[in-house]
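Asks: Listed below are the residues making up each chain.
There are 4 protein chains.
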Amino acid sequence: MKILAFAASLRKGSFNRKFIAQAVEVFRASPGVSVDHADYREFEMPIYDGDLEESSGIPKGGQEFIRRIQAADALVISTPEYNGGIPGTLKNAIDWASRVDPIPFDGKPILLIGASPGGLGAVRSLWHTRVPLEAIGAFVYPEMFGLSRAHQAFDDKGNFVDAENRAHLEELIQSYLKFVGERGAGA
Amino acid sequence: MKILAFAASLRKGSFNRKFIAQAVEVFRASPGVSVDHADYREFEMPIYDGDLEESSGIPKGGQEFIRRIQAADALVISTPEYNGGIPGTLKNAIDWASRVDPIPFDGKPILLIGASPGGLGAVRSLWHTRVPLEAIGAFVYPEMFGLSRAHQAFDDKGNFVDAENRAHLEELIQSYLKFVGERGAGA
Amino acid sequence: MKILAFAASLRKGSFNRKFIAQAVEVFRASPGVSVDHADYREFEMPIYDGDLEESSGIPKGGQEFIRRIQAADALVISTPEYNGGIPGTLKNAIDWASRVDPIPFDGKPILLIGASPGGLGAVRSLWHTRVPLEAIGAFVYPEMFGLSRAHQAFDDKGNFVDAENRAHLEELIQSYLKFVGERGAGA
Amino acid sequence: MKILAFAASLRKGSFNRKFIAQAVEVFRASPGVSVDHADYREFEMPIYDGDLEESSGIPKGGQEFIRRIQAADALVISTPEYNGGIPGTLKNAIDWASRVDPIPFDGKPILLIGASPGGLGAVRSLWHTRVPLEAIGAFVYPEMFGLSRAHQAFDDKGNFVDAENRAHLEELIQSYLKFVGERGAGA
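Chains as they are written, first to last, in my numbering: chain A, 9 to 195; chain B, 9 to 195; chain C, 9 to 195; chain D, 9 to 195.
Hint data in this document are derived by calculation from the structure and do not stem from the laboratory. Source: prediction; values computed, not measured. Possibly wrong hints are sitting among the right ones.
It does not matter which identical chain is meant; a pair holds if it fits inside one copy or across any two.
The calculated EDC-like cross-link candidates involving lysine to aspartate or glutamate, where the alpha carbons are at most 20 Å apart (straight line), are [unchecked claim]:
{"hint": "1", "residue 1": "K26", "residue 2": "D57"}
{"hint": "2", "residue 1": "K68", "residue 2": "D57"}
{"hint": "3", "residue 1": "K20", "residue 2": "D59"}
{"hint": "4", "residue 1": "K10", "residue 2": "D163"}
{"hint": "5", "residue 1": "K26", "residue 2": "D109"}
{"hint": "6", "residue 1": "K68", "residue 2": "E52"}
{"hint": "7", "residue 1": "K26", "residue 2": "D59"}
The whole structure should be built from the sequences, with the hints applied where relevant.
Replies: Laid out in structure tokens, this is it:
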């Protein structure tokens, strides 16, 4: 089973990059699971423009995004929260990806996690990110993990300071993998 | 496989009662599927009140609601739209049901459909109804069916006037049953 | 200027009752402001039922709710969060109130606050409560106040343990009253 | 009173460009109102990147967007719907604009309209676009106008085929201008 994992942030020091790295470790420790740990910079693309699409097609970063989703059985995304919702950059990537037929997200299981320095742990972003993904057919796992006070959550090596966070993430990923496996079983 | 089906409306002449009746017909025509077609009046209950809960427990209509969900492998709900969102009555039933442990919706697949007399087909209700259900662990199927101009959609016998609506509903229910079956396969 | 204030909870020991009591104090200390501090039990009503409405009209608690909104220039509501969203009981009250013409919420300024024992401070409820109110024409003030860890927020007399919460509430209410006054000026 | 008007679409043939042009006509016909009718291409900018911001500041298109909002008393935006929500391109522009202090949207009245070729008239986009704007302090007008079947709504000169749409837009803009005026009166 192949999992595509990425943090929806271009910023190198992003808390979401640290959070997804922890998730990748947990996925890799699970039997039968391989992980494509993508850097969001590989998916850098301009903002959506219907005229650009007509003249030049999907931009290179968007094509790469689509290919990597198609090659995966399931996804895990760590998303920041910007202004109480989904980051424009993640919605823009979804918008470009939705321009091919079949839409690569259609029928894909997705686990959403998110980190923020505040007390709310990106919870509003997590809920707003579900919507466009479900609108194009993704199976977004009901449980999500919003990590609050993310600036204090990781040590110098990027590990969780608080062992409970690791335990919570492991438990969530185990139940998610069970869900993904069931879906695969019927395919 | 047992499906609990109901329209989230007490009103006898509700379009959503007609819509769910059509869905029930389609489910019943599917091999291996039995349907518990509930009347929402069976689930009549007062508005949630923590003091009432402490003194008298879950009210009778709420207990019945919980029992019927527990007995089902999956659900289909037809919901009206009130004031751009989930009806208070449906949210209230979810709130009462969430007071038992384990929450009966946890892990249940749910198909949402909805009918409204206007042009928008209850679409805002459908999206707002996903949220509390997913928050308590339900697998709400990504695709939904919002039926617009519902006052013109059914003939005197309650059948769809427009054959396309029947075909659309059949196709949706087939793909939903495939999803439910896959989930069951892994359980 | 007359403000209708209530907590959308029937439970006597509700944190939202304590929170609204603090808000009422602040409003009452503002020059030219009188407050109608309602107990939500005055608005107790059955769940919405179109047939009941047709046979008996709006129930007594709903009529009282409508009268009190009509008599107010603006509102402040403290709402709990149930299952990641608006309580069914509050949505149900809005649904009944929307059945008269003109809808009493239309054009009314509303300040939303909310308390929860968890870390998220009812933030998902606050955002979901905006939607039906705005759908029926209310001017919901952009800034809201979600009080987290509400079980530790009040002392025995119901005052805030943390002086910052009081300062935050006073600042919010001052800016809200400025907004309400501007609206009134043009009416 | 100065209104900034734009369609949140780069595409030249966009229905939202036609829709905003109709709104601009109505605003211009109102006494005391001047309109800054912007082309969204003036606000073209890369996707948000915290590292780019740190090294080079807000990009040129973003700076222009901020300046134009600051210079306006109020806004009207016509937004498409992409994948059941706010276009990534509009959210991205909001995200960049939120990086200056004070945030230019704070306290600004905004009227949202939107057009789509389908039957739902961009309604899900309109509701999702409110959220980040309100989260950063904008007064988004409660009533919105979602134009469905937009591909059939305009004639060759860009006028509404259906006179009711014009009347509806005029009525909405008159009540919005009243709201903006009241806000201004108290400032």
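Asks: With reference to the structure, classify each hint as holding or not holding.
Replies: These are the hints, each one checked on the structure:
no.: 1; hint: K26 x D57; result: between (32 Å within a copy, 17 Å between copies)
no.: 2; hint: K68 x D57; result: both (14 Å within a copy, 18 Å between copies)
no.: 3; hint: K20 x D59; result: between (31 Å within a copy, 7 Å between copies)
no.: 4; hint: K10 x D163; result: neither (28 Å within a copy, 49 Å between copies)
no.: 5; hint: K26 x D109; result: neither (33 Å within a copy, 28 Å between copies)
no.: 6; hint: K68 x E52; result: both (8 Å within a copy, 19 Å between copies)
no.: 7; hint: K26 x D59; result: between (37 Å within a copy, 16 Å between copies)
Violation of the numbered hints given earlier is confined to hints 4, 5; the remaining hints are satisfied by the structure.
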